[in-house]
Amino acid sequence: MIEFQNLKKVYESGGQQVHALNGIDLKINKGEIFGVIGFSGAGKSSLIRCVNLLERPTSGKVIVDGHELTSLSVKEVREIKKNIGMVFQHFNLLNSKTVFANVAMPLTLAKLPKEQIKKRVLELLEFVGLEDKADNYPDQLSGGQKQRIGIARALATQPSILLCDEATSALDPQTTSSILQLLKKINKEYNITILIITHEMSVIREICDKVAVIEGGEIIEEGSVFDVFSSPKTQTAKNFVSTVMNDQLPDSINELIQKHKGKQKIFRINFVGNSAGQPLLSELAKKFDIDINVLFGNITELQGTPFGNLIVEFQGTDEEIKKVLAYVNEKNISIKEVIAHAS
Amino acid sequence: MLVNSEQIIEAIIETIQMVSFSLLFSAILGIPLGILLVVTRKGHLLENVVIFNVLNGIINIFRSVPFIILLVAMIPVTRFIVGSSIGTAAAVVPLVFYAGPYIARLVENSLLEVDPGVLEAAEAMGATPWQVISKFLLPEALSSLVLALTIATIGLVGASAMAGAVGGGGIGDLAITYGYQRFDTITMFITVAILIVIVQGLQSLGNILAKKIRRR
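In order, the protein sequences belong to chains A and B. Number 199 in numbering that gives the first Met the number 0 belongs to position 200 of the first sequence; there are no gaps in the numbering. Number 153 in numbering that gives the first Met the number 0 belongs to position 154 of the second sequence; there are no gaps in the numbering.
Heads up, a few of these hints could be off.
Claimed, not checked - Computed, partial: chain A to chain B, Cβ under 7 Å: (1) Lys81; (2) Asn82; (3) Met85; (4) His89; (5) Asn91; (6) Ser95; (7) Pro105; (8) Leu108; (9) Lys110; (10) Leu111.
Claimed, not checked - From the derived model, a few chain B residues whose C-beta atoms are all more than 12 Å from chain A: (11) Leu23; (12) Ile30; (13) Asn59; (14) Phe79; (15) Ala126; (16) Gln130; (17) Arg181; (18) Val196; (19) Gln202; (20) Ile212.
Treat the hints as calculated values from the structure; they're not laboratory data. We treat Cβ as the ideally placed atom computed from N, Cα and C, and that holds for glycine.
Generate the whole structure from the sequences, applying the supplied hints.
See the structure below:
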């Protein structure tokens, strides 16, 4: 478990004070995959570095598994760090050492017996699928392979927490996806709490359980990934959501609506969770005397639950359409008329 | 030609002695100083403004004195340490005061080139400062350190020629006493040629070694 209490970090830079973190309160439960998303400079890097005191907070508390870190001695913090693995954007492997030696490093530092180290390292390399690369050097590996080694290294001491600092930001989309699947597997198999910071909403969508949006050193929105994606409250969160889920009306549709102002009945139906599984449109077409024209749609899956929206045109008498709306509302599905330029 | 081959061989041996001993002692002095210069600077492992500024100042002072002046100014110190100010052993003392601070700067440069991300990873693993230096900083910089020491060694070969002029012996001594003061052009050419061969050899050796460490 990780908990931040009124966490503040102020940098002095050229006589000016920069407030990187402005009173963060956040709780990350054991076994969760928690994502923190923000633009660069939002403070997410400082936040993750406070979890293992790579950066010391100016004030406030960081509680990791019941220990308040800032009150511990340097030696005690070193011990706690062995329980916190960290994966970096640029991998940060030692180029002068083999893959084996890189993964073994945390165990070497802990002065474990050689035999034990060897066994553990081979086990880890197999887990990340690179057992054949033990004697290679990092510069002989691809980005994705390097990150797998970085992950194996972070897991060497069997930590209960894994910190991912933009772990996929330097990778292409396909590699990103495979690394994310690996993180998910780690979370499932070892019940490790994973804290991810990223600026990519797709990362959050793909593996996180919960998400917090950070801006100006503050958490401006927080909740389950499903809630934040289906109903983002702040503009920043909305912007992030729209980077992966296009719910803006395409220009062509907007034009169409403008041209036929008032003549057409165009609606946006939001599908959330169970409602997405219902054959709503065909039901409407059968039950009522209307024709349905699907103009635009976007359905995706979040945390195993379908989610999305459809833009449809109903062709029929006003009366019939009113009945349709009443029927849809009864089913607790959100439906709204679309006006030109509205989105 | 006023010198015979025995004299030349003896001079080469003297030069090798001067360079290797002064390299040994100046490395013993310069490498830890270089490490300290890196780890005590602001935002680094063992940040300590006082140690950094004092070291930085002292090294700059030694680095700004021309070697020929250092050579003479060091005579009392040399007498104190070696018991004499003449001879190959005596030449080592000013050479160490010349090359030690130089190596400190070169080591500092090499270590600063190490990716800060690697050191951050070390800290995230809970490495002690000594472990960060010995298991991360030095191994990552090793190839570049070898090149730095090569530069220092070549600098020492040059400086040892000057040291020779004040009674240290060696190839430089030969060149000045015979080649310059007695207008023996052939000796001058031979000694310069020998110096060129030595420098070329050292640089190639350093390059090969650094390449081997980097394995590419």
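Against the structure, the hints come out as follows:
no. : hint   : in the structure
1   : Lys81  : holds (5 Å)
2   : Asn82  : violated (9 Å)
3   : Met85  : holds (4 Å)
4   : His89  : holds (5 Å)
5   : Asn91  : holds (4 Å)
6   : Ser95  : holds (5 Å)
7   : Pro105 : holds (5 Å)
8   : Leu108 : holds (5 Å)
9   : Lys110 : violated (10 Å)
10  : Leu111 : violated (13 Å)
11  : Leu23  : holds (24 Å)
12  : Ile30  : holds (17 Å)
13  : Asn59  : holds (25 Å)
14  : Phe79  : holds (42 Å)
15  : Ala126 : violated (5 Å)
16  : Gln130 : violated (6 Å)
17  : Arg181 : holds (52 Å)
18  : Val196 : holds (32 Å)
19  : Gln202 : holds (22 Å)
20  : Ile212 : violated (7 Å)
Checked against the numbered hints above, the structure violates hints 2, 9, 10, 15, 16, 20; every other hint is satisfied.
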